[in-house]
Amino acid sequence: MANGRGASILHADLDAFYASVEQLLDPSLRHRPIAVGGGVVLAASYEARSFGVSAGMPGWRARQLCPGLMFVPGHFREYQRLGDQVIEVLGAFTPVVERISIDEAFLDVAGAVHMFGPPATIAAAIRGRVRGEVGLPLSVGVARTKHLAKVASQVAKPDGLVVVPAGAERAFLEPLPVGLLWGVGPVRQAQLAEAGIFTVGQLAAVHSDVLDSLLGKGAGGKLAALATDVDPRRVEQPRRAVSIGAQAALGRRTATSELLHSALGYLADRVAGRLRAAGRAARTITVRVRFPGLRSVTRSMTVRPAISETLTLTELAVELAVTALAQQRGEPEVTLLAISASNLVEPALQLELPLEAGAPRRGAGDGAGTARWLLDRSVDGIRARFGHQAVGYAAVVFSDMDRVPEAFRELAQHDPKPL
DNA sequence: TCTGGGGTCCTAGGACCC
DNA sequence: TCTGGGGTCCTAGGACCC
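My numbering puts the first residue of the first sequence at 12, with every later residue one more than the last.
Incorrect hints may appear among the rest.
[As the list claims (entries may be wrong)] The following label-pair restraints were derived from C-beta to C-beta distances: (1) Val-253 with Gly-229: 16 to 22 Å; (2) Gly-102 with Pro-316: 35 to 41 Å; (3) Leu-76 with Leu-386: 47 to 53 Å; (4) Thr-309 with Gly-341: 33 to 39 Å; (5) Ala-382 with Gly-171: 55 to 61 Å; (6) Gly-341 with Gly-102: 53 to 59 Å.
FYI, nobody ran anything at the bench for these hints, they're computed from the structure.
No experiment lies behind these values; they were computed from the predicted model shown.
Quick reminder that beta carbons are idealized off the backbone N, C-alpha and C, glycines included.
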């Protein structure tokens, strides 16, 4: 039970967000099957979805399914702007808004009913305002818990409103496919199907021990809780991020030392820069290497003190990648490299210390560490004034990674949870 | 001729400590 | 002499989400 009252949790979810924005910006795209992206489908309009096109699908596959499909490049800054605008509309009804991505949010309107009417009325008003003022279709689910509200909004799509009255939860859930439950993706859905479980009602009828043995320890109990509507999560204020990462798809490349240094240098630059901007440092560094065929391995290490220096992060990342590759046979080809920084703490170095030339820095570690810290600080300063391209690290000349638009990286990294 | 970039959370096993 | 139980931290992998 999320609360002892009625169904006051709303889940608001913009429909086919990127594609809808494109159709809003360019009316000639309306009512046509379109996809945002190219090599991969980032979003597909409902017209395209009726052909089986879906987000995450390789571009060639999407064209196969839908020969008339139009690919459009994304207007990523518009997505951010319009997404923010929608969140503002939500905030006009209640301060209790938990944004969970660029295009969806939870609201608790229990405290707003005396001003705006019952939750269902509020939901309808929100949909009307978003359609009228922003121009985008929004689906809303209303229920007593977050999980139920989210399921309801999925059922409401496209451009609909579904209310699950308090007390009607089990009846609502029972006929739905298990894939609508939060936490049931393709793998678990297949595992459940194998056991003859297709609907939430069938799932709820199975003892959680059986689910544990089916899906792995722990997973069963949690799923059973969702299926039987025991979901205590509240609408929350944003938490701090627990990790910061960057990755780059490389096509298919031989993993030479040059490749590792340039690619990981580029990624370390991004990650370390964001760490410093957030006033944080990382104790655990993880590198992921993906090989042709989607197989991947990770190597991580935990260090003390925590780091945020670009060059230090680069060195550790290269070291980790080398150990990961050493266990492969031959000269391996890689398709993707990634760096993730976690175990985030406040940095040992005080960024606000005055920096008079020649002033000794107490407790700043060895000379190399201090030099790197100073280097990062000047680079950050120059970039803040003249833009990111104004200056860089010698090792980081990896311009062919900019195939992915910077705006898309920013959008993807735009975390509703502030650092 | 299996695709993008950014995340969260969970589990298992081993090391190490008391 | 290696028996008991409990806890934390670290690493690797995996599922899932937007």
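Do the hints match the structure? See the list:
The beta-carbon spacing between Val-253 and Gly-229, approximately 20 Å, falls within the hinted interval of 16 to 22 Å. A hinted range of 35 to 41 Å holds for the C-beta pair Gly-102 and Pro-316, which are about 40 Å apart. Taken as a hint, the range 47 to 53 Å holds for the pair Leu-76 and Leu-386, whose Cβ atoms sit roughly 50 Å apart. Between Thr-309 and Gly-341 the C-beta distance comes to about 20 Å, which lies outside the given range of 33 to 39 Å.
About 59 Å separates the C-beta atoms of Ala-382 and Gly-171, a value consistent with the hinted range of 55 to 61 Å. The supplied range of 53 to 59 Å is met by Gly-341 and Gly-102, whose beta-carbon atoms lie about 56 Å from each other.
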